[in-house]
Amino acid sequence: MTVQNQTPLKEIIKDKVKEVLNSTVVLEDDIDLYKAGLDSLGTVKLIVAFEAEFDIEIDDDDLLVETFQSINKIKILLEEKYL
Amino acid sequence: MEPTWIGVCYMITLSFDTSRLPEKKMEYFLDKAIYLSDIIIDLSYNSEIKQVQITTNAKDIECVEVKELKKSFNRMLESVDTVRVIKPKIIKCNEDYKAKNITQTISTNREKNGFLCEEEVLLMENLDSIFLKIAKKYNASIREYPTILNKENMDKNQYHMNFPQNIYGVTSLPHDINTISAFRDDPQDFSSTWSFEGDFLQPCICYHCYEELQEKEIKSNKVLTGKGNCFRNEAKWRKDQFRRSEFQMREIVFVGSERWVLDTRNNIMEDVWDIFEQLGLKGKISTATDPFFFNSDMETKGTYQMMSNAKYELLVSIKADYESSIASFNYCQDVLCKKYKIVNENSASTYSGCVAFGIDRWKEAILELYSDKYDLWPDILRRERDES
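Which chain is which? The protein sequence lines are F and X, in order.
Position 79 of the first sequence, counted from 1, bears residue number 79 in our numbering, the numbering being contiguous throughout.
Position 272 of the second sequence, counted from 1, bears residue number 272 in our numbering, the numbering being contiguous throughout.
Rather than coming from a laboratory, the hints here were simulated on the basis of the structure.
Treat the hints with caution; some may be incorrect.
[As the list claims (entries may be wrong)] Derived pair list, reagent style DSS-like, types lysine-lysine, alpha-carbon separation capped at 25 Å:
(1) 89(X) x 45(F)
(2) 16(F) x 301(X)
(3) 87(X) x 73(F)
(4) 319(X) x 87(X)
(5) 25(X) x 45(F)
(6) 81(F) x 87(X)
(7) 18(F) x 301(X)
(8) 87(X) x 75(F)
(9) 339(X) x 35(F)
(10) 24(X) x 45(F)
(11) 311(X) x 73(F)
(12) 301(X) x 14(F)
(13) 73(F) x 45(F)
(14) 45(F) x 311(X)
(15) 73(F) x 89(X)
(16) 45(F) x 301(X)
(17) 87(X) x 32(X)
(18) 35(F) x 156(X)
(19) 284(X) x 319(X)
(20) 301(X) x 73(F)
(21) 89(X) x 81(F)
(22) 10(F) x 73(F)
(23) 24(X) x 92(X)
(24) 59(X) x 239(X)
(25) 35(F) x 341(X)
(26) 45(F) x 87(X)
(27) 81(F) x 25(X)
(28) 35(F) x 311(X)
(29) 282(X) x 133(X)
(30) 338(X) x 35(F)
(31) 301(X) x 35(F)
(32) 81(F) x 24(X)
(33) 75(F) x 45(F)
(34) 45(F) x 32(X)
This one's a predicted model, so the numbers in the text were calculated from it and none came from an experiment.
Make a model of the complete structure from these sequences and hints.
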């Protein structure tokens, strides 16, 4: 599927992460999100947010903690497999 | 539906349509549904017609408890619909895999005596001796801990908040002559005389290990092992010889660096699988979650556990559609060490993991497979018996 709106994917991801982290700080693409405060509740919220945003269902096999460790890793997953 | 009089109690069976819930979520839903109400005496699921049947001991279909049960059932159905359930990943399997209906044959009362006979006791000792050898291979120090988990310890680990459905509290009669006399005058009245001070019967062993190490600096990786009777408040109708309220558990707890903890967990898992196969048992190891009590935050913990491969379970297959978890392999990250303030020499939180063996369940699996005939037992068990 294609991204419907014109906002770059990385920005959408960053917005969702900031929303979950309840933070306005600038997030570097490779920063470890778990060290930045992402916890178990936040990880699952992120998954649900991406699935709703892009109308996708992420495969169980892709639901690994490492996959959601940085903005770049999330972007690669979404771009290469779901969008 | 009209209530049926069976023997000395009433039974009403209610049918619930669950077609709105994807099949993938049903097993998860059924695990939670058993805690919906105390009036439940049986629960089964028919995957063909997507219907859950709940048998209750209610006398009247219109009674408050039944109405509450219906409401709670639908509330839980709605909640589970929104939960992100991850299918377990099987990482080892020696059984011929075939798709199983997730119909739970949990109504069969297979509980036997309320005691263990000599053959069972000896078999459990032999099995434990094998588990202890695994622990010693990793230089574990042997411990024996009290049966009671005190309030301070429970407040740290929060087991009672995560799994309130599982635990037994310990009550006592205050040392006060008036209270003691009041109880003796009315020995049926426990509520106004007996008091609960926050102590619990241990649901597992590992929290004692963390308590022993609390606020300590761990200079090198540490392994402890302990065995004891553990207690979980199981629904009467679910009990059988595999699911008991009181059972023996051995745990191996390891505390140290992140990489070492993960490696130790995985290496012990390999050792246990090897023993499992030597014993001729059939089953699998798959990712799992702890049975968190249902609410949205805790469901998240379960999903996260699956995502981080934090928990594996060894499931033994007993019959075509009956399997039981006989060991678990847990990676706790730095969560428990933070709670107990266990640090390394740089004052950073250490990491931990644990492996738990349900000794009674291993014993039952052996007896199901070989009966109590020593001649039929696999070599590894016969060696243990001969050495003991």
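Results of checking the hints against the structure:
Pair hint residue 89(X) plus residue 45(F) holds up; C-alpha atoms about 22 Å apart against a cutoff of 25 Å. In summary, the hint linking residue 16(F) to residue 301(X) is supported, as the alpha carbons are separated by about 20 Å, within the 25 Å threshold. As the CA atoms of residue 87(X) and residue 73(F) are separated by approximately 22 Å, the hinted pair is consistent with the 25 Å bound. Between residue 319(X) and residue 87(X), the direct Cα distance comes to roughly 22 Å. Compliance with the 25 Å bound is thereby established for this hinted pair.
Between residue 25(X) and residue 45(F) the alpha-carbon distance is near 18 Å, which keeps this suggested pair within the 25 Å criterion. For the suggested pair residue 81(F) and residue 87(X), the alpha carbons sit about 19 Å apart, so the restraint of at most 25 Å is met. Distance check on the hinted pair: residue 18(F) and residue 301(X) sit about 21 Å apart at the alpha-carbon level, within 25 Å; holds. Restraint check for residue 87(X) and residue 75(F): the C-alpha separation of about 24 Å stays at or below 25 Å, so the hint holds.
Proximity of residue 339(X) to residue 35(F) is assessed by CA-CA distance (about 18 Å); at most 25 Å being required, the pair is judged to hold. Taking the CA atoms of residue 24(X) and residue 45(F), the gap is about 20 Å. The hint holds against a cut of 25 Å. For the proposed pair residue 311(X) and residue 73(F), the alpha carbon gap of about 24 Å is at most 25 Å, so the pair holds. Our distance criterion of 25 Å between C-alpha atoms is met by residue 301(X) and residue 14(F), whose separation comes to about 23 Å.
Of the pairs offered as hints, the one joining residue 73(F) and residue 45(F) holds, with about 17 Å between alpha carbons and a cut-off of 25 Å not exceeded. A hinted pair counts as satisfied when its Cα atoms are at most 25 Å apart, and residue 45(F) with residue 311(X) qualifies at roughly 21 Å. For the suggested pair residue 73(F) and residue 89(X), the alpha carbons sit about 22 Å apart, so the restraint of at most 25 Å is met. At roughly 12 Å between alpha-carbon atoms, residue 45(F) and residue 301(X) fall within 25 Å of each other, so this suggested pair holds.
Between residue 87(X) and residue 32(X), the direct Cα distance comes to roughly 16 Å. Compliance with the 25 Å bound is thereby established for this hinted pair. Pair hint residue 35(F) plus residue 156(X) holds up; C-alpha atoms about 23 Å apart against a cutoff of 25 Å. For the given pair, residue 284(X) sits about 14 Å from residue 319(X) by alpha-carbon distance, which is consistent with the 25 Å threshold. The hinted pair formed by residue 301(X) and residue 73(F) meets the criterion: a straight-line CA distance of about 22 Å does not exceed 25 Å.
Distance check on the hinted pair: residue 89(X) and residue 81(F) sit about 20 Å apart at the alpha-carbon level, within 25 Å; holds. Distance hint between residue 10(F) and residue 73(F) is fulfilled; the C-alpha atoms sit about 10 Å from each other, no more than 25 Å. A C-alpha spacing of about 21 Å is found between residue 24(X) and residue 92(X), which places the hinted pair at or below 25 Å, so the restraint holds. Of the pairs offered as hints, the one joining residue 59(X) and residue 239(X) holds, with about 23 Å between alpha carbons and a cut-off of 25 Å not exceeded.
The straight-line distance between the Cα atoms of residue 35(F) and residue 341(X) is roughly 19 Å, inside the 25 Å bound, and the hint therefore holds. This hinted pair checks out: residue 45(F) and residue 87(X) have alpha carbons roughly 18 Å apart, not beyond 25 Å. Distance restraint check for residue 81(F) and residue 25(X): the Cα-Cα separation of roughly 24 Å lies within the 25 Å cut-off, and the hinted pair is therefore satisfied. Between residue 35(F) and residue 311(X), the direct Cα distance comes to roughly 22 Å. Compliance with the 25 Å bound is thereby established for this hinted pair.
In summary, the hint linking residue 282(X) to residue 133(X) is supported, as the alpha carbons are separated by about 22 Å, within the 25 Å threshold. With a C-alpha separation of about 15 Å, the suggested pairing of residue 338(X) with residue 35(F) holds against the 25 Å cut-off. Between residue 301(X) and residue 35(F), the direct Cα distance comes to roughly 18 Å. Compliance with the 25 Å bound is thereby established for this hinted pair. At roughly 22 Å between alpha-carbon atoms, residue 81(F) and residue 24(X) fall within 25 Å of each other, so this suggested pair holds.
With a C-alpha separation of about 16 Å, the suggested pairing of residue 75(F) with residue 45(F) holds against the 25 Å cut-off. Between residue 45(F) and residue 32(X), the direct Cα distance comes to roughly 21 Å. Compliance with the 25 Å bound is thereby established for this hinted pair.
Hint compliance for this structure: no hint is broken.
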